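My request is simple: use the sequences and hints to build the entire structure.
Listed below, chain by chain, are the residues.
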Amino acid sequence: MKLVSYFRGEAFQRGVHPPSCKLTANRKIRRLPFPDRVTVPLSQHIGKVPRPIVRVGQDVVRGQPIARSDEWLSVPHHAPLSGVVEFIGLRPGMRGTWIESIVIRAHRGATQEDLWGRPRDLSQATGQDILQAIWDTGMVGLGGAAFPTHAKLSVPKQAKVHTLVVNGCECEPYLTCDHRVMVEHAADLIAGIRYAMRATGAVRAIIGVEDNKPDAVRVLRQAIADAAAAGVSEEIHVEAVPTKYPQGSEKMLIMALFGAEMPAGGLPIALGMVVSNVGTLAALGKLLPLGQGLTERVVTVTGSGVAKPGDYRVILGTPLKFVLDYAGVPAVDALDARQVILGGPMMGQAIGSLDVPITKGVSGVLVFRREDMLERESRQTYPCIKCGECVESCPMGLNPSTLGMLAAKREYDLMGEQYFLGDCFECGCCTYVCPSNIPLVQQFRVAKQILREKAA
Amino acid sequence: MTQPLIEIRSAPHVQAAKTVETIMRNVVYSLLPICAFYVFQYGISALASIAVVTGACLATERFFVGTGTQAGRLSDYSAVITGLLLALTLPPGFPLWMGAVAGIVAIALGKALFGGIGFNVFNPALVGRAFVQAAFPTAIATYTPSFLPGRFTEFIPSTLAWPLMIPADAAVWLKAKHLDALAGATPLAKWKFDGVLANADELLTSLSGHMAVGPSPLLILVCGAYLAARRFMDWRIPLAVLGSAALTAWLLFAFDPARYPNPFFMLFSGGLILGAVYMATDMATSPVTPKGMWVYGALIGLLTVVIRYYSGLPEGVMYAILIANAASPLIEKITQPVPFGRGAILGMDRVKKRASYPLNPGYISREEASAVTPKKRFLPNKPKK
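Sequences listed follow chains V and R, in order.
My numbering numbers the first residue of the first sequence as 9 and each following residue consecutively.
My numbering numbers the first residue of the second sequence as -14 and each following residue consecutively.
Since the hints were derived computationally from the structure, they do not count as laboratory data.
Just so it is clear, the structure is predicted and the values come from calculations on it, not from any experiment.
There's no promise every hint is true.
Claimed, not checked - Now the stretches of chain V that chain R is said to cover, found in silico as 3 or more residues with beta-carbon under 8 Å: (1) 314 to 322; (2) 404 to 410.
Said to hold, decoys possible - In the DSS-like style, the derived pairs of lysine-lysine whose C-alpha atoms are separated by at most 27 Å in a straight line are: (3) K276(R) / K417(V); (4) K36(V) / K316(V); (5) K316(V) / K329(V); (6) K417(V) / K462(V); (7) K294(V) / K36(V); (8) K329(V) / K36(V); (9) K417(V) / K318(R); (10) K56(V) / K456(V); (11) K3(R) / K417(V); (12) K3(R) / K276(R); (13) K318(R) / K276(R); (14) K318(R) / K456(V); (15) K165(V) / K56(V); (16) K329(V) / K30(V); (17) K30(V) / K3(R).
Stated by the list, open to error - Distance windows between CB atoms, simulated: (18) G209(V) / R(-6)(R): 52 to 60 Å; (19) A463(V) / V291(R): 26 to 34 Å; (20) L(-10)(R) / D44(V): 24 to 32 Å; (21) Q66(V) / R(-6)(R): 35 to 43 Å; (22) P18(R) / P27(V): 42 to 50 Å; (23) G53(R) / Q426(V): 29 to 37 Å; (24) G53(R) / P27(V): 32 to 40 Å.
In this text, a Cβ means the ideal position worked out from N, Cα and C, and glycines have one as well.
Shown next, in the form of structure tokens:
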């Protein structure tokens, strides 16, 4: 399919085109009401889990740090509500296990304004100062991976960064939170990009937006022109890239923009680049000057089972049940089978309890009705018929067909050594196209887990 | 409070519409015009042959699926494809009981023995055909001319031979119809044994004269193009088969035009087009890797021409495909794709020319870059402007 990609002008090879189903692309971001109680899990990001710095019964104000760690690869958490700490202990987490969390009960009648903050003038700040300020906001990658942003933006001494790549692809079907942020908070985004450029020392920034969001491209170009007119000297470009899943992967986006193949096992910094998500940078642009912590994020609530789909500004720690109630999922309490997914439909996680809170890394909540799941349920699983669809769709150029057969034979070592299992980033393309309905990605996840345990 | 019923499943939560059934069903649809034309050429004998062979395949599949040892099910249409393809490769006047044997062998030995759909090593239709070729060498070499008068009212006598009986000699019957028995030879047999080349128009459309040919190659190509366009079939394999056969034939033709027929005759005579489009592309028996498909197809094309020229048989497509089927796992093993980001390690830098932004090596040197990544040689040596 190399030839087809070439003529379509597609930016990277293979990949898939799932129906985009962006139901909420034209709806403004709305604020979700504040819940009575929020549950802030301590483990919300990659890296060291921060420890609570509040006690049960203590009053907290919105924006006050409630957990922190002195480790470098870790960020603090801030109280999303003004209220009283009710409980510190185990609460259901999105992966099914219970995880340590801080539960805060809201004060009745509190204004819930962001009361805590250290406004500062960053106009003369050095890169190091900005990184420290980013650490203070508790920012992690809001695209889903939840990698601490200050760590992502800090450049090792030996390396130099020339380009900041801003990821506005949002290639997952259904999700529109990044899209709406780009359209509605373009000025914040530009400000955030400028902070990130100063932190990394990049001389240009390129915002990669998939071409199914022409309004975002237009708004951003206008915002950049406005900023330039107001005396912003940084070089910021917006580039529309042809829509294709999984363009939001940083490797694919760099391929799309620069035509360069990121070496396997390397980071974008090896090519002199840093990649960050638009939602993260827009939040930074808003929070940094105010010195406030990250207490809310934009979440797309959508899917066939939602009566009022939309992008909602949600307080971190809001229980899923509260979100779904508000978004009009009919009869949340009824014994009516449905599927609730945190994240997008391709890589998101199906969750088993509605008590799970919204965390920093949740970009979407998808609800599918039972009727929509029937078609998939009725599908038979066949043995691999070697149609080659998965090989044609794997953006990493792996051979999922052979990997799947090896997984069935439990030849995990062979998968890792000869068939590059470690390169798989679980985008789900192979499973999406598989006519035999083989759960390839799940097999690979299991295989990777077993290999990790073996190596440990 | 009652907990709502939530189903948990692993990502991805959406799936493309294509399933094994839709693939197989579309292949069957695309075969229907070909079968219809075949019946138009040879009349009710061809119709009976198609029905009996397909029926035998389905009955055998039903039996083995019923034993519970098989993957797949009767409704996945794969046995129908096997039956239709097998019937199309047999002579139209092939005794029905032999056709039934071919169908039973195709499914039982070609597919069920290996565990059913997806597990078979050899193309089941060709296994069936190879069996009857060895078992009934006379019957399978006896072709009758196409477009005989009265073909829709009268069976070719050999068709109705009793089970386990030698069929009636078609030559006698043809003489009674005042037609030369030799007219029933296939173009390939004519060339091989008599040195007569058929004309291009006869080969392409199968419409003129009483030549013993299969369905029109053009029709097969059109049906194959439909499958390839809808991605129910890989376009690489037919292209590789035909390309390599044409190239080999052309080389030999250029070497000695008097001895070897032209490449055009090679391509459009016999079962090469049917084999390239429908047999070689059988998914389970061909490699999954794109590079492997080219190698596999090229091997089939080469072997076909070699067998046709240098063996005692007029036709070589079947054995070429069966040999390539056997080689397919090996081909797959040596043609694994190069993963993204590993091209540089294997010494193949891939930097696309049409990128929106050039990488700017002014900001980072190779030495600096290699200091932060474990792998070397990921930037081009020459600075790009």
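Which of the numbered hints are not met once you compare them with the structure shown? Those not satisfied are hints 1, 18, 19 and 22.
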